[in-house]
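**Student:** Each chain, letter by letter, is given below.
2 protein chains.
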Amino acid sequence: MNGAQSLIRTLVDGGVDLCFMNPGTSEMHFVSALDSTPQMRSVLALFEGVVTGAADGYARMRGTPAATLLHLGPGLANGIANLHNARRAETPMVNIVGEHATYHRQYNAPLTSDIEALAWTFSGWVRTAQSSTTLAADAAEAIAQSQTPPGQIATLILPADTAWGAAERMAAAPPLTAAPRVDAERICEIARILRRGEPAVILVGGQAAREKAVTFACRIGQTTGARVMGDRAVARIERGAGRPKIERIPYPVDQAVRLLAGTRHLILVGTQQPVAFFAYPGKPSLVAPPDCQIHTLAAPGEDILAALADLADEVDAMADFPNRYPLDRPPLPTGDLTIEKIWTAVGALMPEDAIISDEAITSGRNADAWTAGAPPHDWLHVTGGSIGQGMPVATGAAVACPDRKVLSMQADGSAMYTLQSLWTQAREGLHVITVLFANHAYAILQGELRNVQAPSPGSRAAQMLHLNDPAPDWVKLAQGMGVPAARAEDADAFVEQFQRALAADGPSLIEVLI
Amino acid sequence: MNGAQSLIRTLVDGGVDLCFMNPGTSEMHFVSALDSTPQMRSVLALFEGVVTGAADGYARMRGTPAATLLHLGPGLANGIANLHNARRAETPMVNIVGEHATYHRQYNAPLTSDIEALAWTFSGWVRTAQSSTTLAADAAEAIAQSQTPPGQIATLILPADTAWGAAERMAAAPPLTAAPRVDAERICEIARILRRGEPAVILVGGQAAREKAVTFACRIGQTTGARVMGDRAVARIERGAGRPKIERIPYPVDQAVRLLAGTRHLILVGTQQPVAFFAYPGKPSLVAPPDCQIHTLAAPGEDILAALADLADEVDAMADFPNRYPLDRPPLPTGDLTIEKIWTAVGALMPEDAIISDEAITSGRNADAWTAGAPPHDWLHVTGGSIGQGMPVATGAAVACPDRKVLSMQADGSAMYTLQSLWTQAREGLHVITVLFANHAYAILQGELRNVQAPSPGSRAAQMLHLNDPAPDWVKLAQGMGVPAARAEDADAFVEQFQRALAADGPSLIEVLI
Numbered sequence: 008m009n010g011a012q013s014l015i016r017t018l019v020d021g022g023v024d025l026c027f028m029n030p031g032t033s034e035m036h037f038v039s040a041l042d043s044t045p046q047m048r049s050v051l052a053l054f055e056g057v058v059t060g061a062a063d064g065y066a067r068m069r070g071t072p073a074a075t076l077l078h079l080g081p082g083l084a085n086g087i088a089n090l091h092n093a094r095r096a097e098t099p100m101v102n103i104v105g106e107h108a109t110y111h112r113q114y115n116a117p118l119t120s121d122i123e124a125l126a127w128t129f130s131g132w133v134r135t136a137q138s139s140t141t142l143a144a145d146a147a148e149a150i151a152q153s154q155t156p157p158g159q160i161a162t163l164i165l166p167a168d169t170a171w172g173a174a175e176r177m178a179a180a181p182p183l184t185a186a187p188r189v190d191a192e193r194i195c196e197i198a199r200i201l202r203r204g205e206p207a208v209i210l211v212g213g214q215a216a217r218e219k220a221v222t223f224a225c226r227i228g229q230t231t232g233a234r235v236m237g238d239r240a241v242a243r244i245e246r247g248a249g250r251p252k253i254e255r256i257p258y259p260v261d262q263a264v265r266l267l268a269g270t271r272h273l274i275l276v277g278t279q280q281p282v283a284f285f286a287y288p289g290k291p292s293l294v295a296p297p298d299c300q301i302h303t304l305a306a307p308g309e310d311i312l313a314a315l316a317d318l319a320d321e322v323d324a325m326a327d328f329p330n331r332y333p334l335d336r337p338p339l340p341t342g343d344l345t346i347e348k349i350w351t352a353v354g355a356l357m358p359e360d361a362i363i364s365d366e367a368i369t370s371g372r373n374a375d376a377w378t379a380g381a382p383p384h385d386w387l388h389v390t391g392g393s394i395g396q397g398m399p400v401a402t403g404a405a406v407a408c409p410d411r412k413v414l415s416m417q418a419d420g421s422a423m424y425t426l427q428s429l430w431t432q433a434r435e436g437l438h439v440i441t442v443l444f445a446n447h448a449y450a451i452l453q454g455e456l457r458n459v460q461a462p463s464p465g466s467r468a469a470q471m472l473h474l475n476d477p478a479p480d481w482v483k484l485a486q487g488m489g490v491p492a493a494r495a496e497d498a499d500a501f502v503e504q505f506q507r508a509l510a511a512d513g514p515s516l517i518e519v520l521i
Numbered sequence: 008m009n010g011a012q013s014l015i016r017t018l019v020d021g022g023v024d025l026c027f028m029n030p031g032t033s034e035m036h037f038v039s040a041l042d043s044t045p046q047m048r049s050v051l052a053l054f055e056g057v058v059t060g061a062a063d064g065y066a067r068m069r070g071t072p073a074a075t076l077l078h079l080g081p082g083l084a085n086g087i088a089n090l091h092n093a094r095r096a097e098t099p100m101v102n103i104v105g106e107h108a109t110y111h112r113q114y115n116a117p118l119t120s121d122i123e124a125l126a127w128t129f130s131g132w133v134r135t136a137q138s139s140t141t142l143a144a145d146a147a148e149a150i151a152q153s154q155t156p157p158g159q160i161a162t163l164i165l166p167a168d169t170a171w172g173a174a175e176r177m178a179a180a181p182p183l184t185a186a187p188r189v190d191a192e193r194i195c196e197i198a199r200i201l202r203r204g205e206p207a208v209i210l211v212g213g214q215a216a217r218e219k220a221v222t223f224a225c226r227i228g229q230t231t232g233a234r235v236m237g238d239r240a241v242a243r244i245e246r247g248a249g250r251p252k253i254e255r256i257p258y259p260v261d262q263a264v265r266l267l268a269g270t271r272h273l274i275l276v277g278t279q280q281p282v283a284f285f286a287y288p289g290k291p292s293l294v295a296p297p298d299c300q301i302h303t304l305a306a307p308g309e310d311i312l313a314a315l316a317d318l319a320d321e322v323d324a325m326a327d328f329p330n331r332y333p334l335d336r337p338p339l340p341t342g343d344l345t346i347e348k349i350w351t352a353v354g355a356l357m358p359e360d361a362i363i364s365d366e367a368i369t370s371g372r373n374a375d376a377w378t379a380g381a382p383p384h385d386w387l388h389v390t391g392g393s394i395g396q397g398m399p400v401a402t403g404a405a406v407a408c409p410d411r412k413v414l415s416m417q418a419d420g421s422a423m424y425t426l427q428s429l430w431t432q433a434r435e436g437l438h439v440i441t442v443l444f445a446n447h448a449y450a451i452l453q454g455e456l457r458n459v460q461a462p463s464p465g466s467r468a469a470q471m472l473h474l475n476d477p478a479p480d481w482v483k484l485a486q487g488m489g490v491p492a493a494r495a496e497d498a499d500a501f502v503e504q505f506q507r508a509l510a511a512d513g514p515s516l517i518e519v520l521i
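Chains as they are written, first to last, in the working numbering: chain S, 8 to 521; chain R, 8 to 521.
Okay, chain S solo, but in the shape it has when bound:
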């Protein structure tokens, strides 16, 4: 057995049995070891941003980490934007990065760079393996570290000689760390605050945005009069008919400030206090009122469900609450194509248990309302604001859930960052339907230019925000990656193409010009 084999067997034994990868020379022993360890599934991507985003999407749906395999510092760097998003999503991930052999690093070969410095910018744990004989133990530790609540990226740097050197055995992963319980004193204190009846908001984010936690929060709100709100962007929310209905903090600062106006107590569950996504001249960074008191019921990494259950007990929360989405599909649209009609068609047609990877950006601003009456489904947000996440996350979610349909609702500017995702969707035959909103612009920036009070753009500035000269042809781009594609010119055509895509096996893409 060599180090690479001991590594892969340890991963599989620890429940990490899938690896998204884009390997190079220093990772060849890892790749070779795949043949002797068929329990490890490997999925190739043609760019590292797809690798890391897919590992994020996979873990969001599966709940346990995938591994990645990346080639040295530059390969890691290409994956960092989506590792940043994964960090913000509290996604568990075992991120494996090849490195020069331990004795070779000193010679400054062309690919040498400071991998640890890169890795610490997004990882909760980083280790460079020192020997093939201790590599299995490093892998076991990485598995456990990745699942330290609330979940984090554990980066294991793999010098080539630790992969090719002899190893004796695999290692068992240490027991997972349990999320610490919130003490009774904090529960009582928050119950006391809620009982006062002053205007209060319970803000759920991170893992508190999942259905069970939101249900507790809504029961508590129903009893105490506190409003329940959700963070704007979280790793995964469960929506659709029968699921609890809550407001989310909007992206525009003014709207967020208005929504929270008058709030005296903000109770945080699994999240931090809400802040403006960007700074804008003359607008606040913090969107809660200045005199609002901030309280933490459970911080990310604490036992969120237990804290909510304890608080529900403490305030004698009612067993149920009325505020749930009804099953109320919108009617099928016809005629000219608009953003609203695309989303209503999706709301009208999406199958139960669909997974939505939402990187529609400006084309998705009102998507909530048009789809909330559909049957139960999962919704995955861009968590860290780094674009190019949507298609890789859709790819990983489809790998994790082969029996479900994944709808990749995608803005064109963001799609261009990681369009190589389409190739992996084709190779793996994944059930991903990409709806490509082609407005041929960084439309969000056209708004942001006004928001930051920059002078009205002349033609030279506007040129930097337009993608229309030339307009990318997404039908050809998708076909070039091996994914069947079509362009919808009106709502009837979109409905027909979307229905056909839902009925088909494998991926497809529909470009809509808006």
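By construction, these hints were calculated from the structure, which means they are not laboratory data.
Remember, it's a predicted structure, so these values are computed and weren't measured experimentally.
Think of the CB as a built atom: it goes at the ideal place given N, C-alpha and C, for glycine as much as any other residue.
Hints are supplied without guarantee of correctness; some may be wrong.
[What the hints assert, rightly or not] Ranges of calculated distance between the beta carbons of each label pair, as one might list FRET restraints: (1) S/N330 with R/T140: 49 to 59 Å; (2) R/N475 with S/R48: 28 to 38 Å; (3) S/R48 with R/D261: 28 to 38 Å; (4) S/R48 with R/S138: 50 to 60 Å; (5) S/P383 with R/P477: 32 to 42 Å.
Chain R: place on chain S using the hints.
**Tutor:** Structure of chain R alone, referenced to chain S:
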């Protein structure tokens, strides 16, 4: 005047009058300021790896830095792979990275990350601007720092409020640092060594690989009997008819070791001692013989041309030497298509002063021999081993040299990393002809798997090295980006398509299945 305007005017005044960019919200004042400063040309790219690679290609051909504009940590991260290559190319670059407003960073908004930590992995100088009133001085310092010999990346981090705040004036760039002169003692010592007549190699790399320096080295070699060799990969070499002919250190370790066998003295000029690109079990990291003495005539950043001129004087070097490439174009190929025929067609047809961006990888291994007899041309290598450099560097070189033809000789696996380059080539109407070698594999890794003595791959490992399921269609991908494209099935078709591309204005792509 706001900070962004003072920044751009300072850049223009300091000779940095072109900015490759992919901006976001925090960079909107920079974008807006383009309208009031028409002397700054801005070129949009749809992915940051294109931005940074284009800035590298531009500076390699122009000799002075371009600026970049990137969006926060994730935008920077997407550009790091090509910043790594640019660092290895000793490319001067003013790398500008937007950041949250100074007062906003503390709130941990979603896009917050450690930008300085990322930047130090490839930069020679990093500064976070503190105020709009001192931003111009920061920019002036960045211009000077980027041109500190031998050239480096100066990263200026730009908090949004330093761009939108009021500023009073631009700043003049400080005088450039001159490369320090090598002292006479070192020159004499190396002359003494060379006069002994023991087997010696003068190794030129970095800026010593440019024509003037190589010419000096060849004159010294001709007189003293030392062989002159070049590093495998450098930022720019001048080749073709009339240019000095030298051997380059080959990539395979065994070949490099054989080439240097028996060498007693290795004289380094503008480079470090040659090392294996990767470590391989049982093979050395250092390719020069163990008893070879290493001497440095001029380190990177020292005055290379003066050191070579002084050494030439000291050894009474002959005024000329015979070893130059003759004008000897190969005949036009016909019949079936092979790698050799593609390169001979290029050698037969490339115009004088063509620029070759070479990321052909395994398809380019013997390209030297098939093209050396063409008229004078420039050749740009992948300097840091990070793939996805070829098309961005071709893009930047074409922006720098609008009157020359750029040949982007491109492997398919590497092309996939930064295919968004094609869109910028289309938008800017650049004279780039991409020859896309489609072998549908990471062919280099198939060899490397043997070189690292990994077990012969079974089907699961082999699957990770093949791109043929599905095979990307590069004609559609190029057309999707707005670039005219065709596929050549035989040598006659390739010759005809290549001639047509040379005659056309604007970009084109020819896919060759090999």
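**Student:** Range hint 49 to 59 Å: satisfied by the CB atoms of S/N330 and R/T140?
**Tutor:** Holds - the Cβ-Cβ distance for S/N330 and R/T140, about 52 Å, lies within 49 to 59 Å.
**Student:** With 32 to 42 Å as the target window, see if S/P383 and R/P477 comply at their CB atoms.
**Tutor:** This hint holds: roughly 34 Å between Cβ atoms.
**Student:** Taking 28 to 38 Å as the stated bounds, is the beta-carbon spacing between S/R48 and R/D261 within them?
**Tutor:** At roughly 36 Å between Cβ atoms, R/D261 and S/R48 fall inside 28 to 38 Å, so the hint holds.
**Student:** Using the Cβ atoms, figure out if R/N475 sits within 28 to 38 Å of S/R48.
**Tutor:** 20 Å, violated
**Student:** For the pair S/R48 and R/S138, does the Cβ-Cβ distance stay inside 50 to 60 Å?
**Tutor:** 53 Å Cβ-Cβ, so the 50 to 60 Å window holds.
In this structure, the one hint that does not hold is number 2.
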